[in-house]
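Protein chains in written order, with my numbering: chain A, 1 to 505; chain B, 1 to 336; chain C, 1 to 320.
Since the hints were made in silico from the structure, they are not lab data.
No false leads were slipped in.
Partial list, derived from the structure: chain C residues whose beta carbon lies under 8 Å from chain A:
#1 W184
#2 S185
#3 R186
#4 R189
#5 Y192
#6 A193
#7 G196
#8 S200
#9 A201
#10 L203
#11 M204
#12 G205
#13 L206
#14 G263
#15 V264
Straight-line C-alpha distance at most 20 Å; calculated PhoX-like pairs for lysine-lysine:
#16 K108(A) with K183(C)
#17 K183(C) with K118(A)
#18 K374(A) with K192(B)
#19 K378(A) with K192(B)
#20 K140(A) with K183(C)
#21 K287(A) with K425(A)
What follows is a set of in silico ranges between Cβ atoms, one per label pair, in the way DEER data are often shown:
#22 K192(B) with G24(A): 56 to 66 Å
#23 E405(A) with F163(B): 44 to 54 Å
#24 K192(B) with S397(A): 24 to 34 Å
#25 L29(B) with E405(A): 35 to 45 Å
Where a beta carbon is used, it is the ideal one built from N, C-alpha and C, also for glycine.
Letter by letter, the chains look like this.
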Amino acid sequence: MTTETILRVTGLRKQFGPVKALDGVSLEVRAGEIHSLLGENGAGKSTTIKCITGAYKADAGEVLLDGVAISPQSPREAEQLGIGTVYQEVNLLPNLSVVENIALGRMKTGFLGRIDWKHSRVRAKAALDKLGVSIDLDEKLSALPVALQQMVALARALDVDSKVLILDEPTASLDEKEVESLFQVMNRLRESGIGIVFITHFLEQVFRMSDRMTILRNGKYVATREAKGLSREALLQDMLGKAFEEMQGRPGNLNTFSEGLSGKENRLVVNGLGAPGKIKRLDLKLKPGEVVGLAGLLGSGRTECARLVFGIDGATGGSIELDGKAIRQGHPRTSIDEGIMLASEDRKTEGIFPNLTVRENMVVALQTRRGFFKPISKEEGDRIARKYIDAFKIKTSGPEAKISELSGGNQQKVLLARWLAAEPKALILDEPTRGIDIGARAEIEKLIESLSREGLSILMISSEMDEEVRCCHRVLILRDREVIGELSGDDVSESEIVKLIAAHA
Amino acid sequence: MSTVSKRNWRENPLIWPTAGLALVVAFNLFFGAEFFSISIQDGHLYGNLVDILSQGARVMLLSLGMTLVIATGGVDLSVGAVMAIAGALVAALVERAGLGFFVAFPAAMAVSMLLGVFNGSLVVFARIQPIIATLILMVAGRGVAQLITTSDVIIFEDPVLEFMGQGYLLGIPFSLWLVAAIFVGMVLLIRKTAIGLLIEAVGDNENASRFSGINASQLKLIVYGVCGLLAGLAGVLEAASLSAADPIKSGELRELDAIFAVVIGGTALTGGRFLLLGSILGAILLQALTVTLYNVGVPAAVAPVPKAIVIVAVCLLQAPRFRTQISKIVGLRRGK
Amino acid sequence: MKFSLQRNPLAATIGVLLLLYGFASSYYDGFFSLRIIANLFTDSSFLGVSALGMTVVILSRGIDLSVGSVMGFTTVFVAHLVMVEGLPTPVAWGLALIVGTLFGAFMGWLIVAYDLPAFLVTLAGLFFAKGMGYVVSDVSIGIRDSFYDAILDFSIQIGPGAYLGAGALSFIVFFFVVLYLLKWSRFGRYVYAVGGGEDSARLMGLPVNGVKIGVYAFNGFCSAFAGILMTLYMSSGNPLFGVGLELEVIAAVVVGGTLLSGGVGGATGTLLGVLTLALIQGIMNYDGRFLPAVRPISVGALLLVFILIQRFLVRGKEES
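From just these sequences and the hints, can you work out the full model?
Structure, rendered in structure tokens:
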């Protein structure tokens with residue numbers, strides 16, 4: 001095996017407004033290796049890839065391909081230079097044939113602009129042969145299963161003589177068998193001397209496939225490790241950014257509060273909730289004032305749990321009870337009426353109404369709960385808005401400011417206010433602190449504590465495990481769309497969570 | 001504070017129709033004095049300004065309904081056809097079936113609303129793009145109107161209809177009172193119920209509205225229904241003003257006028273925030289433009305040309321990319 | 001292999017066409033003849049050319065509402081140039097085609113460069129072209145010209161009493177041109193690509209903006225071409241011609257199986273769609289008892305049925 005470095009990235013920096021997305025990222029890929037790029041949400045994996053392929057322009061840093069500095073202006077140019085990319089969502093054209101999807105944009109034409117289909121077919125066939133798969137060239141792409149569509153995407157990326165192939169979450173939508181055949185193709189390409197950058201959130205796959213791995217955290221380079229001999233715990237420490245010794249214990253007051261709960265009736269009871277492809281089975285009990293965390297890596301099924309309980313996605317089995325009353329599933333409106341609410345992780349597409357004011361954004365859930373004919377007057381809305389602006393220290397010019405003019409953290413607080421104004425009994429918080437600065441995070445944590453003291457049951461999801469350790473009375477651990485363990489009391493600690501996630505089933 | 005008020009001034013969507021109206025008025029100050037002449041004959045107001053308002057009444061009605069539809073992120077191309085159907089139906093029921101106004105009129109309104117709900121259900125249940133969904137009725141509706149009148153123009157006589165279309169109340173055309181009443185009614189409805197907020201939420205971010213528990217389908221059905229109803233009313237008004245229902249000419253190209261009035265009035269075609277008053281102003285502007293052009297000798301048939309230029313200009317002024325280009329050019333000048 | 005509508009999207013159109021034709025042939029004496037078929041082509045020549053242009057627009061996931069007005073404008077423009085300005089007919093035609101193409105390209109540019117909704121820009125285009133038609137002439141201009149006479153005299157006999165005139169032949173030739181363009185040219189395949197997924201097409205490095213402008217320019221050309229065919233058919237130019245025709249054009253494309261969501265469909269389907277609409281008109285003319293109102297209603301109903309079929313097909317695909 002060669003050890004020649006084929007792609008060398010050094011000191012990559014990229015800033016979006018005030019946010020440093022990349023802060024000195026480096027990556028070295030050898031010919032004939034599979035190199036995993038790892039990190040939790042917001043670590044900067046996608047941004048790194050986009051800077052390499054020219055989808056973004058890096059503010060600083062260097063990309064060397066075969067020792068030559070390159071700066072492609074578009075993914076297409078990167079492809080021509082020899083860096084092919086395949087994304088999780090297949091970026092091909094479902095309405096066209098396999099051969100067209102591979103050849104479009106590089107077709108030869110002859111007399112009267114007539115496309116030389118023969119030429120395109122030969123090249124497409126060659127590219128597919130290289131992968132060792134055979135697909136009918138004339139088949140419409142949409143008629144193929146996702147796994148084969150991905151092969152077509154690979155063939156397209158390889159049609160030019162690629163030196164580096166970037167695979168961005170290629171296995172996310174594949175089943176086990178399909179993953180196996182993708183791995184075979186990857187091995188085949190590795191043997192042919194291509195350097196593969198592999199991004200996935202399945203640790204099993206990382207250990208199985210990679211030769212080496214580079215870990216990023218918060219836009220910074222952490223380390224590059226040989227896969228051989230690396231323990232899962234060590235890798236997780238790299239990814240989470242701290243050694244076990246440094247991991248925090250929990251504030252003692254949480255336990256005393258928990259003890260006071262034992263005599264109380266359950267507020268929310270979820271029994272055997274599940275849906276194929278989302279979560280295998282969720283059982284959950286929440287007492288009034290209890291804060292329960294869902295911990296797990298990206299893709300473990302945390303958000304899926306939240307969506308099923310709220311009813312925005314339909315479950316295929318199981319039941320939900322609130323204060324002993326069965327809740328009709330699959331209807332967010334019913335959930336809101338009964339008092340189960342979800343503050344979604346995706347602020348932009350599932351949260352804010354960008355062109356409406358802070359006040360309107362805050363009262364909208366309360367308004368749907370009250371119904372059509374009991375409008376919240378401007379005065380009442382103003383009172384509600386001012387109350388929460390003061391309570392949460394929201395930085396805005398006033399209730400009539402457009403929400404899109406607020407910073408991410410303040411938008412998040414407005415959304416929290418939206419749900420609290422609607423008087424929930426059980427509130428699901430999915431990544432309540434994502435994308436907001438440290439100061440605002442601390443405030444939101446404090447808020448969660450005081451809400452819990454007022455008797456609100458909270459189901460909390462956070463990629464920041466220390467946050468869950470600080471806020472939650474109990475933590476359920478998820479892996480591969482299944483609850484694999486539970487920690488409570490003094491057992492709740494980052495190191496325990498990490499150990500459970502890392503342990504083999 | 002000064003920066004805030006300056007920004008508010010620039011962002012106030014009513015600025016465009018108001019500025020447009022001011023331009024038209026200024027133009028007329030110089031070129032056409034007859035624009036402003038108002039006379040009183042038999043206790044009724046006459047003159048260009050009154051004509052603008054009374055002839056604009058139908059487009060105002062259409063634009064009120066269209067505003068709501070556009071606010072939910074949709075559009076209704078069938079309003080012209082619905083006008084023709086409603087006019088034809090009233091005329092046929094009154095003249096041919098010999099029914100009284102108080103049967104014919106409610107029947108026409110009910111049918112118009114059902115046609116709107118039909119549009120809405122194509123959008124909501126069959127999930128067809130609004131342009132296409134309403135195109136169907138735009139095509140077929142003319143035929144339905146012709147079928148109702150058996151292809152003729154129906155001339156009718158009915159005192160109530162005549163009053164609706166041609167009568168005066170306190171010196172002002174009755175149709176204007178009607179529009180004013182509906183406008184006030186809609187504003188009150190929006191104030192006294194939550195429907196305005198919910199419509200804006202759906203149009204602004206339909207996905208997020210689902211997470212907030214809003215029933216977007218129900219809202220859309222209502223909104224298309226209202227749009228159909230108002231279109232029907234406009235159709236009856238048009239027929240009443242002529243004492244005749246013309247299944248071909250009635251409401252011809254009116255859907256375009258209505259959409260233009262809404263867009264000029266500051267409601268974005270992408271949905272969300274809407275302004276009923278803006279649409280009324282937009283409709284008035286459109287009519288004032290037509291009358292002014294007529295006054296300076298531009299034939300009515302050519303009027304679509306300046307209309308088209310105005311609408312593209314307004315859309316460009318609202319387009320973010322055009323704005324940045326302009327501000328760059330202006331900035332460069334200032335920089336030098 | 002099992003028969004499915006998804007694999008044979010034209011089956012529904014062919015079915016409707018055959019059913020209509022079969023019904024008409026058995027009901028009306030003499031309907032089953034080459035003459036009637038030749039007439040279908042003659043009567044739908046301008047609708048057909050315009051629908052072929054619209055097919056390309058809809059394939060790219062666009063829409064163009066201005067076609068009827070541009071056609072009407074072209075008729076008076078050509079008639080004016082020939083009869084009033086005294087220009088040679090080929091020059092007038094050439095100018096009309098250039099104007100139509102540029103007008104389409106300009107609308108396309110507005111849509112692409114400023115991200116304006118296509119339906120709005122082309123709606124403004126409808127207004128503009130309609131008004132400009134009246135600027136050229138507000139009355140009908142009859143065309144009496146030797147060149148026109150020569151072309152009108154030309155025809156090919158395909159059977160007893162069945163003639164294909166210049167209009168019908170232009171339509172048929174143009175059909176093959178568009179068929180070739182969509183299947184064998186880079187532009188054609190890019191149109192499908194843009195309609196299938198604009199973002200993906202961009203990621204693949206295709207010139208998406210150029211294709212979109214090109215599509216509207218091409219359709220502008222087609223509208224002007226159709227307008228010229230209309231002057232042949234009517235022997236006059238009138239700004240009133242073409243009013244409301246955009247709807248029939250869109251209907252023909254949709255009935256021909258081209259999906260409004262873009263990327264799927266083609267010229268063959270549109271040809272069938274045009275013939276279906278022409279057949280409805282043909283039956284009405286032949287029978288003579290139908291009210292003219294039946295035509296828009298049947299076109300609307302057909303449009304509804306086919307759009308619902310399309311929705312059903314697309315949804316079926318999403319679920320499988």
